[in-house]
Amino acid sequence: NAGVTQTPKFQVLKTGQSMTLQCAQDMNHNSMYWYRQDPGMGLRLIYYSASEGTTDKGEVPNGYNVSRLNKREFSLRLESAAPSQTSVYFCATPPTRRQISSYNEQFFGPGTRLTVL
Amino acid sequence: QQPVQSPQAVILREGEDAVINCSSSKALYSVHWYRQKHGEAPVFLMILLKGGEQKGHEKISASFNEKKQQSSLYLTASQLSYSGTYFCGTEKGNDYKLSFGAGTTVTVRA
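From first to last, the protein sequence lines are chains A and B. As numbered in the working numbering, residues 1 to 117 make up the first sequence, in order. As numbered in the working numbering, residues 1001 to 1110 make up the second sequence, in order.
In isolation and in its complexed conformation, chain A is listed as follows (with noise of 0.2 Å):
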C-alpha cells in the first residue's frame, strides 16, 4: 500500500543521548519533509528535501540533522537531545505539483513521540 512509514512510534531518551529516526516513502515522490508537532501547536518545519541529494533547513532546524539517504528514505538525527525536543515528530511526502495521482494516499507519517527526559 503507498504510503509513508516511520519507526520508531515511540521513544524515551535522557538528556544528551542520540537517536534517529526513520522515514520512507514508497509514493515515488521527490520532496519529503520533518515536522515536530508539540501539543496544542501547529506543525513546525524542520527540514525538508526539495528531491533527492538535496536538503534544506526550515524554520526550527537548531538540534537536528538529516540525511536524504534516497529517494526513498530521508532520516533525522538528533545528536544531544534535550527536553525542549520533546515532541511528536511527523515525516511527510506531500503533493506538491502535479504528484498527486491517488485521493486516497497517506501523505504524512504515522508520527513517533518522543520524550527527553
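No lab work stands behind these hints, which were simulated from the structure alone. All C-beta atoms, glycine included, are put in the ideal place defined by N, C-alpha and C. One thing to keep in mind: the hints can contain errors.
What the hints assert, rightly or not - Derived, one-sided and incomplete: chain A residues facing chain B with beta-carbon distance under 7 Å:
no. : residue
1   : 8
2   : 10
3   : 24
4   : 27
5   : 39
6   : 43
7   : 53
8   : 54
9   : 94
10  : 108
11  : 110
Since the structure of chain A is provided, determine the placement of chain B on it from the hints.
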C-alpha cells in the same frame, strides 16, 4: 514564514457552514489544506495551485486568491466527522518549502 490562520477555533452545529482563512505576506505558489484528529496524523484535503487548479477528494471546497495571497476553506452543511484541527500549508515560488499555520480547531455538535 508561516501562514496566518483565522479563526483559531469555531463551534458549529450539524448542518451549519463555516469558513477558515489562511493568509501569507508573500506570493504563493500553492496552498495545501489538511485536517487532523486528536492523536492522529494530518489527512490531506486539498491542494490549490497558482493558476486556479484545484485537487481534492472530499466534499469540502476552497478558494485561492493569488493577488491577496489568501485561501479560504469552506465547510458546508457540516457533519460530526468534520470535527478536528484544520491546517493550511503554503509554498512560495519554486523552493518546495511547505510551512503550515497554527491551525483552526473545528468542533461540530449534534
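For each hint, the structure was consulted:
no.	hint	verdict
1	8	violated (15 Å)
2	10	violated (13 Å)
3	24	violated (15 Å)
4	27	violated (12 Å)
5	39	violated (11 Å)
6	43	holds (4 Å)
7	53	violated (13 Å)
8	54	violated (9 Å)
9	94	holds (6 Å)
10	108	holds (4 Å)
11	110	holds (6 Å)
Checked against the numbered hints given earlier, the structure breaks hints 1, 2, 3, 4, 5, 7, 8 and satisfies all the rest.
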